[in-house]
Amino acid sequence: MKSESNLKRVLDAGHISVTAECGPPRGADPDIVREKAAFVAGNVDACNVTDNQTAVVRMSSLAGCMLIKELGIDPLIQMVVRDRNRIALQSDLLGASALGVRNLLCLSGDHQKFGDDPQAKNVFDIDSMQLIHLAKTMRDEGVFPSGDKLQGAPDFYIGCAVNPFADPYEIRVPRLKLKMEAGADFVQTQCIYNMEKFKTYIEDAKRDGLTEKIKILAGVTPLKSAGMAKFMRRMVAGMDIPDEVVKRIADEPKEKQAAKGIEMCIEQIQELKEMEGIAGIHVMAIEWEEKLNEIIGGAGLLPRPIIE
Amino acid sequence: MITGTPKPIEEILEMVEPYDNIIVAGCHGCVTVCRVGGEKEVQVLASTLRLAREASGRKIEIKEVSLERQCDPEYVELMRPYVEDYQAVLSIACGAGIQFLAEKFTVTPLLPGINTGFLGVTERQGEWAERCQGCGDCVLHLTGGICPVTRCAKSLFHGPCGGSVRGICEIDKDVKCGWQLIVDRLKALDQMDNYGKLKPYKGWDSARHGGPRRILREDMI
Chain D
1 MKSESNLKRV LDAGHISVTA ECGPPRGADP DIVREKAAFV AGNVDACNVT
51 DNQTAVVRMS SLAGCMLIKE LGIDPLIQMV VRDRNRIALQ SDLLGASALG
101 VRNLLCLSGD HQKFGDDPQA KNVFDIDSMQ LIHLAKTMRD EGVFPSGDKL
151 QGAPDFYIGC AVNPFADPYE IRVPRLKLKM EAGADFVQTQ CIYNMEKFKT
201 YIEDAKRDGL TEKIKILAGV TPLKSAGMAK FMRRMVAGMD IPDEVVKRIA
251 DEPKEKQAAK GIEMCIEQIQ ELKEMEGIAG IHVMAIEWEE KLNEIIGGAG
301 LLPRPIIE
Chain E
309 MITGTPKPIE EILEMVEPYD NIIVAGCHGC VTVCRVGGEK EVQVLASTLR
359 LAREASGRKI EIKEVSLERQ CDPEYVELMR PYVEDYQAVL SIACGAGIQF
409 LAEKFTVTPL LPGINTGFLG VTERQGEWAE RCQGCGDCVL HLTGGICPVT
459 RCAKSLFHGP CGGSVRGICE IDKDVKCGWQ LIVDRLKALD QMDNYGKLKP
509 YKGWDSARHG GPRRILREDM I
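Residue numbers (the working numbering), protein chains in the order written: chain D, 1 to 308; chain E, 309 to 529.
This is chain E alone, in the form it adopts within the complex (with noise of 0.2 Å):
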């Protein structure tokens, strides 16, 4: 799913001090599984700042709003009717979500309400980690499953650098060495041979290095 963190009260009170009356969306896709943009989280953050402009003593509307993807124009389409009624939209999807609403609501301002993070996993209740840099030309199957541009800090593909110390990566004692995690994994699948062989210069075109993205299908179109 793609992770996200919650931007400081402070920053979205001053984010939305020029206006009177705003939208909180939030989204049930990614952002509701990582709790971060989703339907009780677009309740906590109005109440909050509904609560903190009333102290400062100038009153804010809200309409708290959750649509179901922020990131297709079916669901985004629902918003039109009543989204010229408000100053701004502050919206807790991703950073896709956020833009898709701006491009389709060319005159209402729209405001990030979180931080979008990366592509990752729940590896336990509160704690999310990456895994994926979606960057368009996967090598899993050379690599035990595990991802040496994600998962090493120098995106290395002939690791471990000799930064890896009892399978914990330089940079931080919380980050496991990804190359370590392939050597491990390699072995456990009896394909060490995958190792000893020297891979050709990564193509980054594929990655965001090109430019802007697009996915074409034409059978889908």
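Okay, chain D solo, but in the shape it has when bound (with noise of 0.2 Å):
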């Protein structure tokens, strides 16, 4: 029989859903993903675990996601296009499903620049947009891109990302369109830091209806420090803090920063459950996983929900 992504489940009940990420360690050490994992469970519906997150070698997202399902966590492996091509990544999908892995969230990845191995060949032989379709079509069709039969068709509940804060904005809502119609049932988002512009962007998504079609997850990412709101503002691209976001943090002094990070962080999760067109909550606690149960917590998400 089969079993069904315990978050689609949540989802499909009307509840808000939180999910967080587990990054794999730099190592083959499972006990830190089971440490980090402890953190985990309990307190969301479903957990990410990244695949070589900013092209930095780490454990694969499916042992991973293994680790994590050991504790009782339905996993979501992250699966990204730079580093397999398609017959590695339909490959992929079918071992993933097999071992009980139920949610899947398709993404580019980061270029390899910027990475441990920058003179890495890349692969991106098909993009994000066409592993949704990839996994969708043998989800549904039961047949590989080729047309050959499977024996066994991968059950996926199908994810995609967007970040409404790059460049240019105009395409940000046709092309989370598009995602929806290559077949992603849900979309995390990048960290929101700027409730404005997150705003209008669902503001759009719904005036195209894509709210009611597509489960929206809204990205969140508590600060650790003013430093750290700085440094994500100044290297990583398309993330966009606004000033009076780094000003509220940066008006603590240092050893109450972090406490104020979370505080912030639980008055955003608070305003963004209550927003119309927002299905679900994504927490990505950056190496800061003991943090979850209060930020969940305090933001009135927890206990979570079981369905049966």
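Source of the hints: derived by calculation from the structure; they are not laboratory data.
Mixed in with the good hints there might be a few duds.
[Stated by the list, open to error] Calculated Cβ distances over 12 Å to all of chain D for the following chain E residues:
{"id": "1", "residue": "K315"}
{"id": "2", "residue": "E319"}
{"id": "3", "residue": "D328"}
{"id": "4", "residue": "Q395"}
{"id": "5", "residue": "P417"}
{"id": "6", "residue": "G425"}
{"id": "7", "residue": "Q433"}
{"id": "8", "residue": "H449"}
{"id": "9", "residue": "D480"}
{"id": "10", "residue": "M500"}
{"id": "11", "residue": "K510"}
{"id": "12", "residue": "R522"}
{"id": "13", "residue": "L524"}
[Unchecked claim] For each label pair, taking beta carbons as the anchor points, the in silico distance ranges come out as:
{"id": "14", "chain 1": "E", "residue 1": "E322", "chain 2": "D", "residue 2": "D116", "range": "26 to 34 Å"}
{"id": "15", "chain 1": "E", "residue 1": "E376", "chain 2": "D", "residue 2": "V143", "range": "34 to 42 Å"}
{"id": "16", "chain 1": "E", "residue 1": "E411", "chain 2": "D", "residue 2": "P25", "range": "49 to 57 Å"}
{"id": "17", "chain 1": "D", "residue 1": "S91", "chain 2": "E", "residue 2": "Q499", "range": "33 to 41 Å"}
[Stated by the list, open to error] Okay, the calculated bits of chain E under chain D, using three or more residues with CB under 8 Å as the criterion:
{"id": "18", "stretch": "453-463"}
{"id": "19", "stretch": "466-478"}
All of these numbers come straight from a predicted model, not from anything done at the bench.
The C-beta atom is built at its ideal place from N, Cα and C for all residues, glycine as well.
Taking the hints as your guide, dock the two standalone chains into a single complex.
Here is the structure:
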């Protein structure tokens, strides 16, 4: 019998979903994943496991998914098209589904220039839009893109990512529409700090009827310090952190900035979860998983619903 | 045109180190236009090598040659009468030209004097930029005349990704976002309809990935 994505069940039941992410370690030690997962368990409906994010080599996403699954967490495998051609992508989709991974996030992947192997050859055989289409074709039609029949279709709740803050803005909603049409069931957004711009984005998405057709999970990342805010703003392309957000945390003495960051994150989640068109919250507490309970609980999103 | 950059002189000196007499061969094609492998560059490189070798106490004899094109047999054959009088040929044509010489003159070592770059254009004096990867299946009519395979760092067919900021690609402040260019151009042409369509997976078999390529024109044979 097929098990279904817990994330899908929670969203279909009309709850505001909560997802988080776990970055696998830079090594083969499974206990590092288990320690992070212990902070995640019970606080989320599914947990993303990143796929060599920022092109820095880490334990594979699929291995990480299996490790967090041991702890009862519904894993969400991130898959980038940077490192694998369509042959490897199809194969990994089949493998992940066979091992019980039911959530998928299709990404292009950060350029290898940002990682520790900038001289690596990239692949980009298909792009993230086409990976969505590929996963949907395999799931819904039970065939490979080549047309051959699958011996068992993979079963995924298919997701994509968007950055409403990148340029040019005018294609950001059309691009989400394209991803929805390609087969995405849900979307996780880039970290939101500029709430005004995000509201405009959601309004535009609503006008196109997208908020009814795709579950939008709003991404947040708690700031640990004013330094982190300034660093992210400077170094991460498409990261929009308004001056007033930086100022609010910078005005605190250093030792109180982390607590302020959490308070600001909680406030933001409370606002987002009431926003029409928002189906869930995606909390990317980067190397700060131990704060997930405080943040998600503080935002009034605990306990997580159990849907039979 | 096919562009290139000169190899560092140290690397070239190391390559020619075993030889006492060589040919330095230029080409009047693309590498002349991008000022890396034409007649003038042959003269400069030959003089530099002579001086360096003289300074090291072991002279080298160099014959300077510039062919109309190193990628056409009729011009390459012009070298045949004398090529075997020399121990090696240092070619400053593109990789195609160098290989064609190697193919034709089987007993003479061929040395590359330049690093071949890309299919590009002269943006201004002294600056060249890539425009085409020769992938064998052109979609420029759908993308406002700007190539997503070449101009997008990820060769996305549905860009731009989240790393596009104010028209600049996240990989380098000097790299324009290819998809911002495409969107701007589609808007100017009133062709934004092309943007909202899911494009089929690209067949890379028409590119290098299908193995070394060949064009056969029956009508010309």
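Compare the structure with the hints numbered earlier in the document and write down the numbers of the violated ones, lowest to highest.
9, 10, 11, 15
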